[in-house]
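Asks: Sequences listed follow chains A and B, in order. Straight run, no breaks: the first sequence in this note's numbering ends on number 505. Straight run, no breaks: the second sequence in this note's numbering ends on number 505.
Hints listed in this document are in silico derivations from the structure and should not be mistaken for laboratory results. Keep in mind that the hints are not guaranteed to be accurate.
It does not matter which identical chain is used: a pair holds within one copy or between any two.
Stated by the list, open to error - Derived lysine-lysine pairs resembling DSS-like cross-links, with alpha carbons at most 30 Å apart:
1) 97 x 168
2) 321 x 56
3) 119 x 226
4) 97 x 12
5) 56 x 12
6) 435 x 141
7) 226 x 125
8) 178 x 387
9) 475 x 449
10) 8 x 97
11) 8 x 56
12) 97 x 56
13) 178 x 494
14) 12 x 168
15) 12 x 497
16) 321 x 168
17) 435 x 502
18) 119 x 436
If you want the building blocks of each chain, they are given just below.
2 protein chains.
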Amino acid sequence: MHEAYEKLSRKMEELGQLEQISGILHWDQEVIMPSGAAQARAGHLSVLAGIQHQKLTDPSIGQLLDQLDSQFPNGFDNFQQCNIQEIRRRYDREIKIPVDLVQELAELGSRGHHIWVKARQENKFSEFAPVLERLIELKKQWAHHIDPHCPPYDILIDDYERGLTMKQVDPIFDVLKAELVPLIRSIQESSYQPDVSFLQGEFSVEKQEALGRTISEELGFDFDKGRMDISVHPFCGGGDPTDVRITTRYGSDNFMESLFAVIHETGHALYEQGRMERDRALPVSEALTTGIHESQSLFWERMISKQKAFCDYYMDLFRKTFPDNLKGVDSEAFYEAINVSRPSFIRVESDEVTYPMHIILRYEIEKGIFDGTYAVSDLPEVWNNKMSDYLGIRPATDVEGILQDVHWSGGAFGYFPSYTFGAMYACQFYNAFKKEAPGLEDWVRNGKFQSIKEWLNRNIHVKGKLLSTENLLKEVTGEGLNPEYFIAYLKNKYDKIYRLKPKA
Amino acid sequence: MHEAYEKLSRKMEELGQLEQISGILHWDQEVIMPSGAAQARAGHLSVLAGIQHQKLTDPSIGQLLDQLDSQFPNGFDNFQQCNIQEIRRRYDREIKIPVDLVQELAELGSRGHHIWVKARQENKFSEFAPVLERLIELKKQWAHHIDPHCPPYDILIDDYERGLTMKQVDPIFDVLKAELVPLIRSIQESSYQPDVSFLQGEFSVEKQEALGRTISEELGFDFDKGRMDISVHPFCGGGDPTDVRITTRYGSDNFMESLFAVIHETGHALYEQGRMERDRALPVSEALTTGIHESQSLFWERMISKQKAFCDYYMDLFRKTFPDNLKGVDSEAFYEAINVSRPSFIRVESDEVTYPMHIILRYEIEKGIFDGTYAVSDLPEVWNNKMSDYLGIRPATDVEGILQDVHWSGGAFGYFPSYTFGAMYACQFYNAFKKEAPGLEDWVRNGKFQSIKEWLNRNIHVKGKLLSTENLLKEVTGEGLNPEYFIAYLKNKYDKIYRLKPKA
Numbered sequence: 002m003h004e005a006y007e008k009l010s011r012k013m014e015e016l017g018q019l020e021q022i023s024g025i026l027h028w029d030q031e032v033i034m035p036s037g038a039a040q041a042r043a044g045h046l047s048v049l050a051g052i053q054h055q056k057l058t059d060p061s062i063g064q065l066l067d068q069l070d071s072q073f074p075n076g077f078d079n080f081q082q083c084n085i086q087e088i089r090r091r092y093d094r095e096i097k098i099p100v101d102l103v104q105e106l107a108e109l110g111s112r113g114h115h116i117w118v119k120a121r122q123e124n125k126f127s128e129f130a131p132v133l134e135r136l137i138e139l140k141k142q143w144a145h146h147i148d149p150h151c152p153p154y155d156i157l158i159d160d161y162e163r164g165l166t167m168k169q170v171d172p173i174f175d176v177l178k179a180e181l182v183p184l185i186r187s188i189q190e191s192s193y194q195p196d197v198s199f200l201q202g203e204f205s206v207e208k209q210e211a212l213g214r215t216i217s218e219e220l221g222f223d224f225d226k227g228r229m230d231i232s233v234h235p236f237c238g239g240g241d242p243t244d245v246r247i248t249t250r251y252g253s254d255n256f257m258e259s260l261f262a263v264i265h266e267t268g269h270a271l272y273e274q275g276r277m278e279r280d281r282a283l284p285v286s287e288a289l290t291t292g293i294h295e296s297q298s299l300f301w302e303r304m305i306s307k308q309k310a311f312c313d314y315y316m317d318l319f320r321k322t323f324p325d326n327l328k329g330v331d332s333e334a335f336y337e338a339i340n341v342s343r344p345s346f347i348r349v350e351s352d353e354v355t356y357p358m359h360i361i362l363r364y365e366i367e368k369g370i371f372d373g374t375y376a377v378s379d380l381p382e383v384w385n386n387k388m389s390d391y392l393g394i395r396p397a398t399d400v401e402g403i404l405q406d407v408h409w410s411g412g413a414f415g416y417f418p419s420y421t422f423g424a425m426y427a428c429q430f431y432n433a434f435k436k437e438a439p440g441l442e443d444w445v446r447n448g449k450f451q452s453i454k455e456w457l458n459r460n461i462h463v464k465g466k467l468l469s470t471e472n473l474l475k476e477v478t479g480e481g482l483n484p485e486y487f488i489a490y491l492k493n494k495y496d497k498i499y500r501l502k503p504k505a
Numbered sequence: 002m003h004e005a006y007e008k009l010s011r012k013m014e015e016l017g018q019l020e021q022i023s024g025i026l027h028w029d030q031e032v033i034m035p036s037g038a039a040q041a042r043a044g045h046l047s048v049l050a051g052i053q054h055q056k057l058t059d060p061s062i063g064q065l066l067d068q069l070d071s072q073f074p075n076g077f078d079n080f081q082q083c084n085i086q087e088i089r090r091r092y093d094r095e096i097k098i099p100v101d102l103v104q105e106l107a108e109l110g111s112r113g114h115h116i117w118v119k120a121r122q123e124n125k126f127s128e129f130a131p132v133l134e135r136l137i138e139l140k141k142q143w144a145h146h147i148d149p150h151c152p153p154y155d156i157l158i159d160d161y162e163r164g165l166t167m168k169q170v171d172p173i174f175d176v177l178k179a180e181l182v183p184l185i186r187s188i189q190e191s192s193y194q195p196d197v198s199f200l201q202g203e204f205s206v207e208k209q210e211a212l213g214r215t216i217s218e219e220l221g222f223d224f225d226k227g228r229m230d231i232s233v234h235p236f237c238g239g240g241d242p243t244d245v246r247i248t249t250r251y252g253s254d255n256f257m258e259s260l261f262a263v264i265h266e267t268g269h270a271l272y273e274q275g276r277m278e279r280d281r282a283l284p285v286s287e288a289l290t291t292g293i294h295e296s297q298s299l300f301w302e303r304m305i306s307k308q309k310a311f312c313d314y315y316m317d318l319f320r321k322t323f324p325d326n327l328k329g330v331d332s333e334a335f336y337e338a339i340n341v342s343r344p345s346f347i348r349v350e351s352d353e354v355t356y357p358m359h360i361i362l363r364y365e366i367e368k369g370i371f372d373g374t375y376a377v378s379d380l381p382e383v384w385n386n387k388m389s390d391y392l393g394i395r396p397a398t399d400v401e402g403i404l405q406d407v408h409w410s411g412g413a414f415g416y417f418p419s420y421t422f423g424a425m426y427a428c429q430f431y432n433a434f435k436k437e438a439p440g441l442e443d444w445v446r447n448g449k450f451q452s453i454k455e456w457l458n459r460n461i462h463v464k465g466k467l468l469s470t471e472n473l474l475k476e477v478t479g480e481g482l483n484p485e486y487f488i489a490y491l492k493n494k495y496d497k498i499y500r501l502k503p504k505a
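So that you can see chain A by itself, here it is in the shape it has in the complex (with noise of 0.2 Å):
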C-alpha cells in the first residue's frame, strides 16, 4: 500500500513540476518574451499540456488509485486521504478529455493572448472574435466531455470554485446587486465627495517602484523566493513557492494603481510563499481554489490596505516618497481619498463596492455565452447595455468595454465569480480574525504585518486543499460563507466616509 501510496506521488510531483514550468513559460510570455517568439510559445504550451494530459491519464495512475481505492481510508493518514482523493478528481476529469482537445486550447489560450494584445491596442474586437469563438466553443467541448448531463458553465465555474454552481451563486448575487445598486447610488449623490486631486499629479515610476517594493517587504514577501516586475495586466504567476512572482503596472500619472496591485499580489504571492512544507509539490499541498486566492490577495489590498489604520502607518512614508504631491496631506484625508467610489469602466480599477457589479455583468454574460443566449457578436453591445444599467456609464470603446480583460483571452471562462467570493471570504476571514485579536486595527497601525501573515499562513494557508472551502469557513469563521459581512462591512465604512443617513 505505501508503496502504491509512493509510486503515485512521485508521479504526480512530475507533474508538478511540469506544471510548474508551465507556470514559468507564462510568465515569461507575460512578462518579457519577444513579440515575435509568440508562435513558438503556443508551441511549447501545447507540448507541455499534451505531455501532462498524458501522464495524469496514464494507466499506471488508475491502476494504483484502484489499489489504494481497495484499501482507503484504513492506514492513511489526513493528509494521505485527502491526496488520494484530489488525484482520483483529477484522474477521473482527466481521462474523459481527448489529448487533442487539451493541446489545442492550450495552443489558442497561448496565441489568442497574442491576438487579444494586439485587438486591444487597436481597439478591434472583430479581430479578436474569431478567437474567442473558437475558445468558447473548444470549453463547450470540454464541458460536454467531463459531464454531458451538466450545464457547461457549472462545469467551468466548478474548474476554479470547486462545488459552486450557478444556482449558488445567482441568490447570492441577487442579494448584492439589491443591497448594492443603491448604496452605489447613495455614494454618487451624496454632498459629501472627498477630495483626491492630491493623488493625480506627477509620480515618478522609479520611485512607485521602491516604493511598492517597501510595502511589499513590509507585508511579508520574500524576495529571494519572488521576484516582482510588470506586465500588462498585473498577476501572480512563476513556479513554485521558492519562485513567485508578482507583477504591477506603472502610470506616472498615478501611483494609487501601481501600489494596490503590488499589495493585491502581494497578498497571493504570500499563499504560495505560505504553503505547507510537507510534499509541496503534491495536489493536496496546492492553494485551494481560486476564490480563497483571491481571499487572501483581497485581504491586504482591501482589509488591511485600504483601512485607515493602514494609512496611519504609512503616512510618513507616503509623504517621504511624494513631498510635492502629498503636503499637508493627513490619513484620514488620504484613506478617504483612496477609498473613493465611483462607477468606472474598468474592473481593475474599480473600488470595492462598485466591483460586484463588474463581476455580476460578467457572470451575466458568461451565463449567457454558454446557454446560448448570447453569440460572440452580440457581446460588445450586451457588455455595454449592462454596464449601463448597472453602473450608469456606457463605454465608448471596446477598449473600455468587452476587450478590457485578459481572461477569455487564455479559455479561462467561470473565472470572475471568484473575485467577488473571493472579497466575501476575505471580509468573513477579516472579521473571525478581529474577533480573535481584537488589537487587529492595533496591529495594522504599528506596522506588525508579520503577525498578520502568520494568522494567514496558520489557518489557511499551510492547509492546502485538505479541507473544502465550506469546511475551511466553518473552521476558521464558525460558519459557512455569509454575504452579510460583506453587505455590512461596505455599508458600515462607505456610509461614514460618504456621510450617508442612517437607515431608519
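Start from chain A and add chain B according to the hints.
Replies: Frame of chain A; chain B shown alone:
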C-alpha cells in the same frame, strides 16, 4: 515511407520543443531567477531531461528508424537523408545512457551552477570541489556508456565538435603553442605599446547599454525575435530562432568588455536567427557544432569588429557616447588600443593572441582529468603552474584561476577546444569571403553589415547540419581546416600594431 518519416519528424519536433523549453529555463536561471528557487529549478530541468531521454529512447523511434533504414536513401531528398542520419545518431547514443544518469546530470548541472556561483563569490574552491568530482564521475560513466573502448575525453569533445579527437587536436594545438608563445613574448618585449589610457575611466552603464543595443541592431540582431539582458557570464541562449536571448555584463570602469560581449553574442544570435526556414524544429536545421557557432561569434567580434575599418565607421558614435573619455582619440589610436595584447588571468577578458593559450591550458587539464593524471584536489595548483608556464603570470586566487569558468559547473567538459577551433574557422571563413568580395573592408568602413550578415546566412547559417564541419569548410573556403590562416592573420596584424621586426 513518407508516413514513417512524418511520424518520426513530429516526434523529433516535440523533442526540439522540449529542448527549447529547457533553453528558456536555463536562461531564466542565469538571468532572473530568484536565488531561493535553485533547488526547484534543478528539479524542473531534471524532469525535462528525463522526459526528453524517455521520448528519444522510446522503442517507436527505433522502429521508425528501422523502417526508414530499409529503404534509405531512396526517395528521400538530401534534407531528409541528413535528418534521418542525425536522428539515428542521437537515438543510438541516447539508448545507451540510463535515465537515472541523465537526470542526475541535469539536476547536478543545475544545482552545481549555484554552488559554483557561491564558491566563486567566496573564492572557495573547496566548496565547489565535491560537485566537480561528482560531475567528472558522472561524465566518465556517460562516456563509458556511449563507447567503452574510446577514451572518455574524445567522447566528450565529440559532443561539442563532432568528429574531433585528441589525435587531431594535439598537433594543431602544438603548432599554435609553437607559433604563439614566441609571438606573445615579442609583443611583451616590444618597445612600442599602444596607449590604452582612454579606455579606462568612468563609463555610464546606461550609455553602454544603449551603445550595445544600437550596434547589435545594426549588425542585424532582430530585437522582435530576441532580448538583451545581463548575466554573470555573457551567453546566447533562449528558445527557438524567434526567441534568441543574448546577455552581457557591465562595469562602469570599462565599456569594451560589455560591448565586445554584446558583439560576440550577437554573432551567435545571428546564426540562430538566420537558421533555415524549413522545419526549424528538426535536428537537421539546428546549428552545426559548438565550434562553428563560435566561429560566428568570433567572426563578428574579431574579424569584423576588431579591424580598423570598424573603428573608422563607429568612431563618431563612440566619441559621441563618451565625449569626455574619447576626446581627441582617432580611429587609428582606438584600433590599436582595443587590440592590445597582454597576458591576463581571465579567459573572457583575454585577447585573440593569448586566448588560445587559455584554451590549451584547459584542454590539457581536461585531458588529465579524464585520463586519470589529475585529481580534483590537484587542479588549482596545476592550473596556476600552467598559467605561469604559458603566459608568465600566476593567479593569486582561484577566482582568477580555476573558479573563473561556468562550463564545468554545468558538466560541460570538452567544450573549451571549440573556442579556438571556432577562432580558426572564423579566420578561414573571413579569408574566403575577402577573396570573393575584395571590397569587404569598405563594406565594414561604410557600415554595410547587412551584406556581411547575408553572406554568413547564405553560406553557413541556413545550412544547418546538412554538411559535416569538414565539408562545410571545403564548400565555403575550398579546403579543410588550415590553422595557417589564423597564425598568419595574428602575425601580420600584431607585427604591425607592435612594430615587430619582420622575420628574416
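Asks: Now tell me, hint by hint, if it's right for this structure.
Replies: Now the hints, each set against the structure:
| no. | hint | verdict |
| --- | --- | --- |
| 1 | 97 x 168 | within (25 Å within a copy, 58 Å between copies) |
| 2 | 321 x 56 | neither (54 Å within a copy, 58 Å between copies) |
| 3 | 119 x 226 | between (33 Å within a copy, 17 Å between copies) |
| 4 | 97 x 12 | both (19 Å within a copy, 24 Å between copies) |
| 5 | 56 x 12 | both (8 Å within a copy, 16 Å between copies) |
| 6 | 435 x 141 | neither (43 Å within a copy, 62 Å between copies) |
| 7 | 226 x 125 | between (39 Å within a copy, 25 Å between copies) |
| 8 | 178 x 387 | within (13 Å within a copy, 80 Å between copies) |
| 9 | 475 x 449 | within (26 Å within a copy, 72 Å between copies) |
| 10 | 8 x 97 | both (23 Å within a copy, 25 Å between copies) |
| 11 | 8 x 56 | both (13 Å within a copy, 20 Å between copies) |
| 12 | 97 x 56 | both (14 Å within a copy, 24 Å between copies) |
| 13 | 178 x 494 | within (18 Å within a copy, 82 Å between copies) |
| 14 | 12 x 168 | neither (36 Å within a copy, 46 Å between copies) |
| 15 | 12 x 497 | neither (55 Å within a copy, 65 Å between copies) |
| 16 | 321 x 168 | neither (50 Å within a copy, 69 Å between copies) |
| 17 | 435 x 502 | within (27 Å within a copy, 88 Å between copies) |
| 18 | 119 x 436 | neither (49 Å within a copy, 47 Å between copies) |
The structure does not agree with the numbered hints 2, 6, 14, 15, 16 and 18 stated previously, though it agrees with the rest.
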